[in-house]
Each structure stands twice: as structure tokens, then as C-alpha cells.
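Chains as they are written, first to last, in full-length UniProt numbering: chain F, 1 to 1173; chain S, 1 to 339.
Derived by calculation from the structure, the hints in this document are not laboratory data. C-beta: ideal position from N, C-alpha, C; glycine also. Where hints are given, some of them may not hold.
A partial selection of chain S residues facing chain F, derived with a Cβ cut-off under 10 Å [said to hold, decoys possible]:
no., residue
1, Asn62
2, Trp209
3, Glu218
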Amino acid sequence: MAPKKKAAIGQPGTVSASGSALQGFSALLEPFYGGKSLTDPISTAEDKWNLLPAFLKVKGLVKQHIDSFNYFVDHEIKKIVAANKRVTSEIDNRFYLEYLDIRVGEPERLDYDDRRPQNEITPNECRLRDMTYAAPIIVDIKYVRGKSVIKRLNCRIGRMPIMLRSSKCRLAGKTDRQMAHMNECALDPGGYFIVNGTEKVILVQEQLSKNRVLVETDPKRGIVSASVTSTTHERKSKSYVMLKKERINLQHNILQEPIPIVIALKAMGIQSDHEMLLLVAGTDSIYQDEFAVNFEEASKLGIFSQHQALEYIGSRVKMGGRNKTPGAPHRRNYIGDALEALANVFLSHVPVCGLDLRPKALYICFMVRRVLMAMHDPTLVDDRDYVGNKRLELAGQLMSLLFEDLFKKFNTDLKSNIDKVLRKRNRTTEFDAFNHMASHGNYITLGMNRAISTGNWNLKRFKMDRAGVTHVLSRLSYISALGMMTRISSQFEKTRKVSGPRALQPSQFGMLCPSDTPEGEACGLVKNLALMTHITTNDEEEPVKKLVFILGAEDIVALSGKEIYEEGAYVVFVNGTPIALTRQPKVFLNSFRKFRRMGRISEFISIYINHHTRAVHIATDEGRICRPLIVVENEKSKITIDSLEQLRQGTMNFDDFLYQGLVEYVDVNEENDSNIALYESEISENTTHLEIEPFTILGAVAGLIPYPHHNQSPRNTYQCAMGKQAIGAIAYNQFSRIDTLLYLMVYPQQPMVKTRTIELIHYDKLPAGQNAIVAVMSYSGYDIEDALVLNKASCDRGFGRCQVLRKYSTQLRKYANRSSDRIGNRIMDDKDPTKPIAKHAILGSDGLALVGEKIEMGQVYLSKEVPLNTTSSGIGSDFGTNEHMPAPMTYRLPDPSYVDKIMVSQTENEAMVIKVQTRQTRRPELGDKFSSRHGQKGVVGIIVNQEDMPFADSGVTPDIIMNPHGFPSRMTVGKMLELLSGKAGVLNGTLEYGTAFGGSNVDDMGELLLQHGFSYSGKDFVTSGITGESLPAYIFFGPIYYQKLKHMVQDKMHSRSRGPRAILTRQPTEGRSRDGGLRLGEMERDCLIAYGASQLLLERLMLSSDAHEVDICEVCGLMGYQGWCQTCKSTRGVARMTIPYAAKLLVQELLSMNVLVRLKLEDEFPHGGPKPI
Amino acid sequence: MDYDPMVMDEAVGPSVKITEAGTQNVDFELQNVDLAFANSLRRTILAEVPTMAIDLVEIEANTSVLPDEFICHRLGLIPLVSKNVDDVVYSRDCDCDQYCDLCSVTLTLHARCTGDEIMKVYARDLVVDNMRANQWVGNPVITDPEGLGTVICKLRKGQELRMKCIAKKGIAKEHAKWAPTAAVGFEYDPHNKLRHMELWYEEDAVAEWPKSKYAEWEEPPQEGEPFDYDAVPERFYFEVESAGNLDPDVIIQQGIKVLQQKLATVIQELTEGDGTTNGMNGGYDAPRSPDVGMNGQPWQEQGYTTPYGNGNASAWGGAGAATPYGATPYGQNGANGWS
């Protein structure tokens, strides 16, 4: 390591480091404005990116999760309760219980007690004590007791796990110093839950949008279909309008067979064929001809009136078990059934008031028209993979589904309990429903905890059965935690080999990171959000509808097909439902946008025109991805020098920009309808928006890469996967956490070549890597295949040094018979009673290991004892023994560790929990994996003494020598640029930037190098350390940021000569953890067979594995024992031979299934050969 | 210095011209030696000049945020004054059990933060024990004007460090903490007259490659000068900067001395060694491969048995239970299905 270039990193974990005077986000803004004084000139072209930190200031990195959860806790939960507010009784119809209000409180301890002043709980306490970070759910109720109505306020009905940093969290709005007091990292993004001590993230789920028409074709079968997945709180269903063999049908799960569309529309009250034709096809004769065929079908079936149509539909509706009363022959009311199905089941998201089916009929007409259009012009079908057709489901939505299900179940349980009591005629005490509520107290709590901790969202009510919704937050590095928070998982099956959903969609631009996706089966299905994105929450539809009419659009219900499809008429859709018609779509759109920019309606409502279908779409629903863009009007960016100056001075924040209409959120659909300029110079007369910064198309993880725009794209993808495995600093509270496995770097450094993203996500404060001086040259032959040559002196001085912290945890359980686990005493040596035996050498007098002691394999760190008898009750003569049996916890790793800390505490259910943390400090060794930030990984091939290393004429030796063969095929030009900028930065004493689509200019860097007496090419004159002769070629020499990855040989090294065997087969065990053997596999076996090494085969597969001697009777062919055949009852012809134990086992297992196996023995060498036994 | 006269030109011995000398560094030009010699000197200075450094730490109390190993590593890297380090013997050569006054220097560190401010523990807080080989050896190197030295750790109120550090003599080959210098500048032939290097350039090598500062010390090549195939490098430019533990002149003198000793053992071996015994135990104590100095004799060490040769019974065939661990894992001893 170049000794002079060691960045000063504050010691993480100390209170001072996280606290300091920097409060909140002022620290975040600092690096950007810090370098410039307020009077420095501002140019809108260069400084508009200042909006990005301002955006992150109000939105944060994982704001989508937090916003979604906040929306659920503050609004959605109230809606759910309002929809299910009354609990009534079937027995006593005077009784009712009504929920008046619901709130979620602040997180507090489960063992809540009024007497205790301290009920506040911090997230870190939950992590350490294996508790759930949850807040009480409080309701106000009103119910009938006797003859009076009682009102009770603040009743707890359960506990809701609270998302960290949400509005209900204790960390909300706290300063860095306060966070430090709570042992919480100020840079931790939050957005996850703590359930039973583990951090759980609810991943963002990607889905096809609901309540929208999707037109698709199947050219093979000649089908064009328009489908809608309707989702309401009550029902979820899918309806299709399908064109097959020129006939259009309506299809739905509830129908036994598809019904002709004409009949369906008739049943919905469009009685005149002409009206229907106009509504579907307009005056366009092509569409009319296409549709006219369908009338024939209806008339053939003799259906002319609405009544007939309803009857036809009613007879084809599956009513399930709903209207059946067992026993009595059921007479179906077809018309009623049909009406109910049409009103409530088909397209259930279109509201029907008082059996006015007109809006729904119109909706179907539009679907039919889309089908006709798609049939005519196959380009008009929708793309399933288009991001605008996707919706993201977030934690809040999933939690609200879960809560709704649990709450409904809670109420039905409560109801049946109340019924049970009310059924009794004479009660001793007056019935109080409140008491029954308390007895169900745990149902909601447990349900929530279970769902989050297992990740199984199993809600029958919504036909939802999803596994793997939640994941344990990966705390391998700060970046891995952050990367997990922005991850989006797709519902798509991983096994299917289709490329469409995996492909990079042009509509992902700016919304989803193009680089950050895993390799292999989940490639393209797991995505990550880009840096500057927001996911919308639900907005009210009603005010938007009102606005549509205020803006002069006509109600669509009153219009005929002729008017609707008139030239220049555009239909206004709100969330996919047609509501109005406008003849001046452009004017309408502009004035609508004006309202939005004024802040009169929510900034997240999007509007766009689809000219193909002649429609204006307005979306207010949740789960749309959107991002902010600068508004451009009259070829002028609305952002002025003045406004940027105000931003810098802090008199304006991002929201002010938003409300002044300088910046607006644009979702994928609206983006598709806009003309966005990348740079201010590119603004033309058609431009509507201006990009804030181009590098925001990358996500947080890809943002670490310097000069990514110079790399081959898969290399960036590889780095995205590897950046998450890098060892570094995890959080400011890393030393007050006890995680199962924690990797920490001893001297992490911030990279010499930073990016704007690095500063924005604070990677420079919690880095994972070191700036190594790299020489790109060949050395020693131990560097082939990406192997690295390391400098021993650098390792001595702390390069690549890391700590591995491991947790061993146990609970002292209490049993039903009042016995409990305990910690036993250490056992003293027989000869020297002052000393414990070797196994207990590091135990203290309390039976726990002493902190700071070195612990080696086989030593006990916790001498736990369990009671022998856990069942006897102790009543009467049922006394068990009172003895305990030792169940010590022994250290099993071959490499020693030190005891770092021991925590003794209690869990929520009062059980004692003991956590022992051990620590290893590791220096790099042969085989450890390192990687630069360009997807270039390699293992250490050799560690070379400093004097043998090549050196530049100043005497500088490299820390790492990298083989130049890594460059040509990988084409990671960004790595070379990083070296160049880094070298210039080192010489100049500055940190350089490698921001995507920008960064420090290569020419400038070359100039800097020349100024300091170096070649502008970054190459140096290098002398061999071994001979002292100068090398014939100049060597590319300079700093590159290297990450140490978590894969270290120490954790993988394994060999065995002899060892344990599996009980059943007597073959060697498998795996390093069980000291297993190394398998000679099938393919290796094939080689030996082909080669003819029969004795080697025998030795490997039998003798060294599971050779077993058996006695076999030559007469009957069965196995005997001790020279005796039990079947033949004789010793004659019993032969002894060696066979694999697995073969013997097979024979016996077959015997147990009544399959007899007779072994026939033959002399291999009948004459003159060795005598068979 | 007795060099082999065959290598050197007649009476002209090596000469040294010092160009710059300070308390911490020395730049000099070495002339009339061949490349191998100059490089050996460089290598010796880097790796084999003995110095003092903290090697063992006995921790009594550490309540700081840094783990024990972390602090030990930092302590090890603190340069200690190693003036007249020859007075200290190597610990492994010493007669004592673990360490003693002759082979080590004891430094104690006791720091405790009592104030509300964060306290920094510096190298100056190391207290050197007076029982040592001479008055200089083992003092922490402090060069900053405030006289603080290296930061070891930061302490918060109530945190404490109490440890005993044992500094020993050693060489950088074993661990870089014993290095007297972090890097040695070394250069020859600034005009590339010998053409050891192919000048890479895009347009103009002279314009693109900045000249070394030693370029003006030597004659630039004349226009059209023929290439001298027989020329060898003769003038070497050294830049030695001390880590603070030794004076720069001492570093070079010590380097020469170590080199001399090493060469002496080689010469001794070649001239007087009888060829069969291990003659190499003189002053050479650096790590070496196991068969160095075995003089062609097959390497045999007790406790190891090679599976081949020596007529040793292998695990297979031969005299039954021949594996060193007793019974073979299958069947009875020696009695397998084929015997």
C-alpha cells in the first residue's frame, strides 16, 4: 500500500463518528455545495444535478418502502376498518360492535406495563434481544352491553411490526446524534422490519397492472383477446373478450362456456343492434363489417331482447355453492343470477350503481373495439413486458392485504365467540364483548409475525399463496443491504425459458437499473430500481374525475358511438375506465398538467395521450414507477440560475421545485409520450422535459462503478453482483450488533476515483475496499487465469486485513415441570484443582467463556446443562430426578478465534438468551478472492516479498500485480481510466470522479500526470526487483480500488485421509462441515473404467469407502453370519467375501420388501489361480 | 571490503557520491559496481537490515472499540529507534526462555480516558523500560513538531488500554514492521543508452516521456551515436528514506554489513566447507527451503515417511498393518479378501 495515501477513516462504532455536528441531511448536501462557495457562478447546464441530492433529501434511498408503509399505516388501515366496521350477532340482533377508529401507536415493549416509565424500545434492542419491533394497534369501539351502548377508547387488538424509519418508527425525524444514542446507524436506510431479532425485507413485487385492458394475439390459433384482471377489495377476477374464428365472445371463469358478445351487450341493456354496432365500431365500415357477423349468431340463437339475453347468460353461470340450500331442489332464478353476475362479477372494478350497467357495457364495447383494431393492425397489441403495463407491489400493499385478512378473521372469530355466549339464556354476569376481544389479542400479532418471518403470504380470501415474499436483510456489506432494499422480484417463473420478460426493455430507461441483475436463472427477472425513482401510492379517483368534467370533457355515458368515434374525439380513461370524451385532447392534456404543476392535484397522477387508440389516459393507482424531470416550456428549461442558487442556499427544497412546476414526476406511460432532452443544449421546439442527470439511469449498486460507460456491459453486471460480496464497513453501529456472520475490513478506504452516486449513497463513509497500487504486468507465472500477485509488505501493513465475527446463540428454556436449562460450572483438573480442565480452559467461574480469550477447536464456550427430566409433574409420587445433563456448546472450527463479546439477556417470552460472538482477524492468504470494481475478480496466486517486487524509479512497489491478459477480452476500459484518474488524483492530492456519462476528463488527467513528471499514459518506468535490471516495457502503474470478497480459503480449505462415516451406508460423510470425503464421481469413475485401472477403481469405490465382509452361502445364495447359514442350517459352502456395505444394505432392503436376492458365487480363477475362500 | 578482483576493474573500486543528505533521507550515486551488486545492496536495505519493533503484546485491559489484534497490529507498525541495534541479540539466539533484557525492550502502555472529550492515545504514551541494551533502542520514533507520534487508538470516557509490549530485533523479511525504509529509489541509465527499455510512444518519445532528474548527470546520447553492445550499467542512483528508526547513513552501512556477512558465508562455504556438513548455519538465519545445504543428500526428516523408496512398507501389500495408524479401515489387519 502506498503509505502516504491512507485515507483517514473515523473509527466506526464510536459515538463520535456517527454523531458529530452534522445534523440530518445537511451532511449529505455538504460535499456538493461544500467545494463551491455560494457566490460561485452557477450554470444551469452543469449544476442542475444539484436537484439529485435535493431529491434524495426528501425521498431517501428506500423511500418507496417507507412511503408505502406510511400510506398503509396512516390511511389504508383506516379504510380497511371502515369497510369492516360492524360486528353483529346472529342470535341477538340488537347487539352490535362498531369500530370507530384505528391507529397504530409507537413501538414499545411487549411486556407493557403502566407502572413502567420505560416502554420505548429501540430497533437495536430488538435485534439483540431477538424481539419484534412492533407497535400496538389501537382501536376505539362502541358496543352494546345489556341495554346501553358503551364506548371504549384505546383498546389494543394486536401488534403491528413497524418498518424502520417509517412515520411510526422511533427513528423518524431523529438527528444523527439521537440515532447514535439509540445505537443506530445514521446511514442505515431503514425500510425493513425486525421480527424475532432478524431483519426482514419485503421485496418489491412486480406484477402486471390490474384493472387495465391488455390486448394480445395468438397468431397460431388465430385468437385476438382483450383481458382485464379486475381487483377490488371484495373480488379478484379476470374477464376476456376474445375473437376466435371471426366470432367475438365474452369469457370469464364464472361462465360455463364463452357467451357471444352481442348477447352479453344485450343483457347489459344495449338493445338496439345499430346502437351496439356504433358503440363498438363507430362509423368505420371496416370495423362494422368485421363486427356484423356477431349479430347473426345472436339471431340464430333467437335472442333479441334483454330478457332473453339475461336468461341465456343466467343458464350458463356457475353459481358454485353459493345459492344452494342442501336438500330442497333448487330452482334457479336465471335472470337474477345473470344480473348479479353482470353487476358484481364481470369487470368488478367498474362501479355499478343501482343496476345501471351502461358504464360496464361501454367498457366491454371498448374492449371489443380494441380487439377489432388489433385484428386489423397487429401492431396495436399490448406488450406485457412494457414497464408501463407493470405495477410494483410494495410492503404497504402486502401488509394491508395481510392485515385485512387477519382483521376479517379476527372479527368472524369474535362474532362466533359472542354468538356462543349470547346463545346461553342465563348468564351469571352481564355480557361484555370487550372481554372477548382481549382473548383474541394474539391472533393479529401472531399472523403478522408469522407472515413476515416465514415469507409466506397465504391469504385464501384473496386467492393468494406466495412464498418467499420476505428475505433476511443481507448485512454482508452496506451495499448489499442497500441493494436488497431496491430489489424488485418478478412473479414470473424462473424455470421458463422465455427471453421476453428477461430482456432489457427500452421503457426501463431511468426507472430500472440496466446493469444490476443477477446472472443465471434469475437473470432479468430480479431487477433493481434506478437512483431517482419513486413508486406511487394510491390517490383518490373522485377529485380527478371531477376535474376531468370541469376541464370540459363530456360524460361518456350520454354519448352515442357515432360521437365517440368521431374524428378528433378522444376518450378520457381514468385508471382504465372510460368516463368522458374530449374533442380537444391536447388542450385538455395541457390544462390537466397545469393543474398538476400548480399542485392542485397530486403530483403523482399521470396523464398521457395514446394516439393509436385515440385515448387520454389518467392514472391515479398505486405501484407505478415514476421519476422527476425538469419541465421545459417554450424551449426553455424552467430551472433557472436563480432557482438553483436558492436551492444551494437552502431557501428552496425539492418539494418547492415540484410545487412551482419546475420539476414534475413522470411515470413510464407519460414518459413515453414526452420528448425528453438529455442535455440543455439538445432542447428543441418539441422538447417537453429535460433530464436531471443521465447517470441516474443506474441504480445504487451500479453507481459504484467508475467510468461504467467505458466498460463492456456484462462487466458492469458482474460488478453489481460482486460489490455485494465485498468486505468493508457495514454500518456505524457494526460493533454493537451481534450478527450470525459479520465480515469487517480493518482499514477500509474510500475510493480514489469516486462517483456522484458514491457520495449520494454514502459509500465513501462506509466503504468496502482499499486503493491498491496496481502494476499491470506479468510476474512469476503465478498470475495466470486472473490470479493476483500480492506484496507481502502490503499485507504486513494491513492491506486486505479483515475480521470475521461469528455469533453462537442459545436459549435457556424453561420446561412445563418447572425445571429449566442452566449454566453449569466448569470442571476442575484432578491434579491441579485451581485450574479447569483443558476443555474448559477459557471458561470463567460463571460457566461462560471469558471475553478476550482465544478459543480453539473442541473447547467449550458455554457449559449449558439441560434437565434430565422435563415431563414429570412433581404431583403426588411422580417425582423425576432433579439432575441435569451437560449439553456444552463447543467450538467446532479448525481455526481458533477470540471471544469478542458475550451478551446475556431475555427474550420477549422471558427465556434467557445468551449470545457469544467470536472474532477472527485474517490477513490475505493464497487463494483469497479480490476484485476491482469492473467485474474483474481474481484469487491471490502468490505473495511476494517487497524486495522481489518490481518498482518504479521512485522505489514505489505495487500492492497488487495484475496480469494484462485480463484486459483484451474483457474490454474493461473503465478500469484503465480509473487507474489513470486515480494516479492523477494521488499526485495532485484530489479525489477524482468517474461518474457515469461524465467524470474526470482523461485529457485533464494526462495533463496532471505530465505536470508531476509522469507519462500521460499512466505508464511508468519499472525495474525488476530480482535482477535490478529495468524492464523492457513500460508498465501501467497506479491505484485501483480493490475489494476483498467474502470467499476466503480459510473457510473452504478441506482435506481428509480418514474420518467419519455415515451410519446407514458406512460410506464417508459429505461436506466440509462434517469432515467429509472427496467424492470420486461418476465421470471420474468413467475415466478409470476407460483407462482400465480396475484395481484403483476397486480401491476407491470399495476398499477406501465401505468395504464390508459378509458370509455368503454358496448353496442358497443368501447371507449368513459367522460362517453359518441360517437358511440352510449348516456351515457347508459358506464363503466369506468383501462387498460394499451399500450393496449388502441394498440386498437387505430388498429382502424387507419381499424381494429375494440370491448371490451366486463363482471361482474367478478355477484352475491354478489363488484359491478362493 | 574484499571483492573478487576479477569482477572489478583493476584499482578502481566502487565510489559513492552523495548528492543530498538529510536527517531522514540520503540520495547518492554509486559508481563502478555492476548491476547485480547495486541491486543486492538495495534488496538488503529493504529486507535484511535489523531494527526493533514491537512483536509481543500482553494485554491486561482493552475496553476500547478496537479489538486486541487491531491494536497489536498498530503497535507493531510504530517505528522504534534502533540505534546501535547490534547491542540487542536476536530473541531466538538468546539463552532466555521467552524474552529478557538482552534480546528485547519492554514498553508499557497505560491510557485511560477520564474526560468527556475523545482522547487519542499516541506513540509518546508508550513508556520504555530502562532495562535494555542501550539508551536509544526501543524509543518510539516521534518526528512531528507536537511530539505526539503515531495515533494508536481513540478512547472515549471510561475506556482504558493497559498493555505490555515487548519489542524485539528482527528483519523486514519476516515482517514489514522491521523495515528501516518503506521504499528505496533506484535508477540507472537515465538516457536509456543501454536500451534496456523499449521506449513506447505515440508520436515523440522525447516530448511524451518526462526526463528523470538524473538525466542531466549523464551525457545525453549524441545524434547518430552508434549503439554500444558491450556497455553495462555503471552508475546507480539511490534514494533512501528512513522510516525514522535508523539514520539513513546507518541503514546503508548496516546494509553493506549484512551483505558482507552473507557473502562471507558463501565464500567460506565455497573455500573451506567440506561439502558434507551443513556449513550454512553461520549468520544465515533467514527462512529457507528444507533441502538447502543438504548437499545432495536425500532429505529425510524424522516423523515423515514418503510412500515410495527406502524400502519402507507402504500401506498396500507388504507386511500387513503397515499404515502408521494401525488397523486398516476395512477387514482385519492384513487379512483381506485377496491375501
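How the hints compare with the structure:
Contact between Asn62(S) and chain F, as hinted, is supported at the beta carbon level, the nearest pair being about 7 Å apart and thus within 10 Å. For Trp209(S), the interface hint holds, since its Cβ comes within 10 Å of a Cβ in chain F; the closest pair sits about 6 Å apart. Interface restraint check for Glu218(S): the shortest CB-CB distance to chain F comes to about 14 Å, outside 10 Å, so the restraint is violated.
Comparing the model with each numbered hint stated earlier shows that hint 3 is the single one that does not hold.
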